[in-house]
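Peer 1: Got chain G; can you put chain S on it based on the hints?
Protein chains: 2
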Amino acid sequence: MEYNFEFKDGGICAAKGFKAGGTYCGIKKPNPAAGTANAKHKNDICLFASDVECNTAAVYTQNKVKGAPITVTKRNLEKSGNKSIAVIANSKNANTCNADGIEKAEKMCELVAKELGVAKEQVIVASTGVIGQMLPIEPIIKAVPILAQGLGYDKNAEAATAIMTTDTVKKEYAVEFTVSGKKCTIGGMAKGSGMIHPNMATTLNFITTDCAISAPLLQKALSDVVRVTYNCLSIDGDTSTNDMVCVMANGLAGNDEIRQDGESYNVFRAALYQVMANLTRMLAKDGEGATKLVMCRVSGAKDEDTAVECAKSVVRSPLVKTAMFGADANCGRILGAIGYSGADIDPLKIDVSYESAGGVIQVCRAGFVIDFDESAAKEILLDDEITIAVNLNDGEHGITAYGCDLTYDYVKINGDYRT
Amino acid sequence: MEYNFEFKDGGICAAKGFKAGGTYCGIKKPNPAAGTANAKHKNDICLFASDVECNTAAVYTQNKVKGAPITVTKRNLEKSGNKSIAVIANSKNANTCNADGIEKAEKMCELVAKELGVAKEQVIVASTGVIGQMLPIEPIIKAVPILAQGLGYDKNAEAATAIMTTDTVKKEYAVEFTVSGKKCTIGGMAKGSGMIHPNMATTLNFITTDCAISAPLLQKALSDVVRVTYNCLSIDGDTSTNDMVCVMANGLAGNDEIRQDGESYNVFRAALYQVMANLTRMLAKDGEGATKLVMCRVSGAKDEDTAVECAKSVVRSPLVKTAMFGADANCGRILGAIGYSGADIDPLKIDVSYESAGGVIQVCRAGFVIDFDESAAKEILLDDEITIAVNLNDGEHGITAYGCDLTYDYVKINGDYRT
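Keeping their order, the protein sequence lines are chains G and S.
Just so we're aligned, residue 1037 is where the first sequence starts under our numbering, counting upward by one.
Just so we're aligned, residue 1037 is where the second sequence starts under our numbering, counting upward by one.
Don't take every hint at face value.
Identical copies go unnamed one by one, so any copy, or any two together, can satisfy a pair.
[Said to hold, decoys possible] The calculated lysine to aspartate or glutamate pairs, modelled on DMTMM-like cross-linking and capped at a C-alpha distance of 25 angstroms, are: (1) K1414 <-> D1445; (2) K1100 <-> D1430; (3) K1110 <-> D1382; (4) K1055 <-> E1421; (5) K1448 <-> D1420; (6) K1143 <-> E1114; (7) K1078 <-> D1445; (8) K1065 <-> E1410; (9) K1119 <-> E1089; (10) K1143 <-> D1407; (11) K1448 <-> D1409; (12) K1100 <-> D1341; (13) K1448 <-> D1419; (14) K1448 <-> E1421; (15) K1448 <-> E1415; (16) K1385 <-> D1341; (17) K1385 <-> D1136; (18) K1256 <-> E1293; (19) K1065 <-> E1340; (20) K1150 <-> E1114; (21) K1156 <-> D1420.
No lab work stands behind these hints, which were simulated from the structure alone.
Fair warning: this is a prediction, and the values are worked out from it, not measured in the lab.
With the rest of the complex left out, here is chain G:
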């Protein structure tokens, strides 16, 4: 991960040959001004497509209760040999645990296939929102032709806003890199704010690239990077039924196709990591009700799994999360969360510090809480981006997990989400 690429605008449209669009079709409730001349609606459906067929990789939620779109997308990619051209996604309704879910998810693919003149197996479908409410298909039937005709190479924001549910900001990131002398671009968009505790994937994440890379290598890079990005994210410990990350590579950058390990693959993987790590960070910071980004950087682990287990346990702990909300340097809760993580660690080797733009303060040495300046610690914890730095002093491996604080607003948002 020694590469560093520059941020680029454009999200899923940053790479060559990807056009997108989003609109409001009526799945989300209209806002209070609805019906008036100035009525504004939040986008609730989006479509994006590549000019040419894409090698495609995807990872899906490990939740045994799976959304119908997950089942249909998985089946489509199997049938098409991991080739895709377009993605259709809606928000506000997860199309999950409904008796007609599969039928409607397939219908969405058929509508897109017909408009774009492609096979329905080349269409990826995704839905996010409330589970267990029938998805209204009529608005989608009306919206797809309009979306298909309106696709644009600069309409990434229309799409990125259409997948937002309780998200307060859209999440896009892209970078440029070079493979075999050709400039390549990789970009993505993500949604998610609650029900986030990914296992193999998280919420909805769509990545596009013009880099030529074979489907198996693309899958390898995705699976590899997911492990250290989305899978190290926890907003509330709830793993969604509709989590999916997919990467589409259309090869329009003109580089020699990456077909094996080596420098080109490493550059691609690093660029993918940078996009996914930044989207992960954005997801954590926009966690439901969150006032701050809380990261746990574990170092000195004997292996990567140990680091992941400890770091995720800390950012998942409600007691750590509420302490961070209260800017309370309650280090015992961090040690407690490491202790029950299931990781094989030696409690008497653990060091803990708090870090933010405001400074660094050590609070635990070799498993014992030490005397520290409470007011200095409070000052650091009042920042809106905090790192809990844990050194297990037991090896050379490390990882960062991403989370947020637990606040009154999380309770408020989720006390009555459906209405």
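Peer 2: Relative to the frame of chain G, chain S by itself:
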């Protein structure tokens, strides 16, 4: 579990030959009236003892970060061959992650041993409260002689209030039963409100009985019952560093000592179950910030482990907990939590209903959310004791897990617990 015994007053003093006491020694902060003639203090230390030596069983937290009192108690019971006479416990300070923790926990045992004229290995020590703050030993040195002199056979409430931290009510329960023609009694007290997600044990639970039972059978009964009571409890998913349940049996009821499986053992086990299940229920209902008790009763599981995994996952889910706070019949979150529980279940067999004193309403059949009367569901969920009834339709096993809702007050209580 076909037995049913009547509730009896007296908590840990209900059984013959157990005396107790509690006082304020200065570990908790004095209340606002402190220093005045009417100053009242909340008890923060307790002592209880049996007139004769007890066969003793205990289970401890599986957290790798263990409180010093856990280490010392475990060592004492090993040395004494599972014989104990007295318990000393304090609240407000967990004596955990402190460099001098072991030394101070041992000192507490020595102080009690000296006053009662017993071996220090016959003393159980427990602490609960903030992790990582030095335990002040001076107030304890002063308090122990006073406690030892003031022990009474009716002072169970003094002790039960002394172990409270954020608990809003004391938790005691006792029942009477008959073994070999002799009336026996078993009773207990518990504390706990947050940092509760037991793994093999929970928080502090002390059980006393005058029933004669061998130490190995006592341990067997305890381990067995813990699995289906405390280990099915989750307030916030955080497993404490200081969890402990111990049972002391002094044999003063005069029954033939229970030394093997059989009817006597079954009666004892059932009585123990009733005490522990009721204490578990009290712990859940008094969860930090909770406005209601939320139980998940899983039936139709292919084995007990499957039932436990599903039920615990549901009561642990922050999204289920906030929905219960909002009386929102959001069944998708329940299905989601079952799906990610790790249990091997068939999503398309699951039925879900909500139950309370206000009625019963089914919301999911064979994995799909069904049409139901939202206002009737809301009425049921406004009750302060709710059961989420899940039928996996896949076997004959069942279990009930205990939890509570997630509220603004949980965030408030834990945003700055230490001050």
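Peer 1: Could you run down the list of hints and mark each one as holding or not?
Peer 2: Here's how the hints hold up against the structure:
no.: 1; hint: K1414 <-> D1445; in the structure: both (22 angstroms within a copy, 22 angstroms between copies)
no.: 2; hint: K1100 <-> D1430; in the structure: between (35 angstroms within a copy, 15 angstroms between copies)
no.: 3; hint: K1110 <-> D1382; in the structure: between (42 angstroms within a copy, 19 angstroms between copies)
no.: 4; hint: K1055 <-> E1421; in the structure: neither (34 angstroms within a copy, 52 angstroms between copies)
no.: 5; hint: K1448 <-> D1420; in the structure: both (21 angstroms within a copy, 19 angstroms between copies)
no.: 6; hint: K1143 <-> E1114; in the structure: within (18 angstroms within a copy, 67 angstroms between copies)
no.: 7; hint: K1078 <-> D1445; in the structure: within (21 angstroms within a copy, 33 angstroms between copies)
no.: 8; hint: K1065 <-> E1410; in the structure: between (47 angstroms within a copy, 18 angstroms between copies)
no.: 9; hint: K1119 <-> E1089; in the structure: within (6 angstroms within a copy, 74 angstroms between copies)
no.: 10; hint: K1143 <-> D1407; in the structure: between (63 angstroms within a copy, 23 angstroms between copies)
no.: 11; hint: K1448 <-> D1409; in the structure: between (34 angstroms within a copy, 23 angstroms between copies)
no.: 12; hint: K1100 <-> D1341; in the structure: both (23 angstroms within a copy, 17 angstroms between copies)
no.: 13; hint: K1448 <-> D1419; in the structure: both (23 angstroms within a copy, 19 angstroms between copies)
no.: 14; hint: K1448 <-> E1421; in the structure: both (23 angstroms within a copy, 21 angstroms between copies)
no.: 15; hint: K1448 <-> E1415; in the structure: between (27 angstroms within a copy, 20 angstroms between copies)
no.: 16; hint: K1385 <-> D1341; in the structure: within (18 angstroms within a copy, 34 angstroms between copies)
no.: 17; hint: K1385 <-> D1136; in the structure: between (54 angstroms within a copy, 16 angstroms between copies)
no.: 18; hint: K1256 <-> E1293; in the structure: within (15 angstroms within a copy, 64 angstroms between copies)
no.: 19; hint: K1065 <-> E1340; in the structure: neither (44 angstroms within a copy, 43 angstroms between copies)
no.: 20; hint: K1150 <-> E1114; in the structure: within (20 angstroms within a copy, 75 angstroms between copies)
no.: 21; hint: K1156 <-> D1420; in the structure: neither (45 angstroms within a copy, 50 angstroms between copies)
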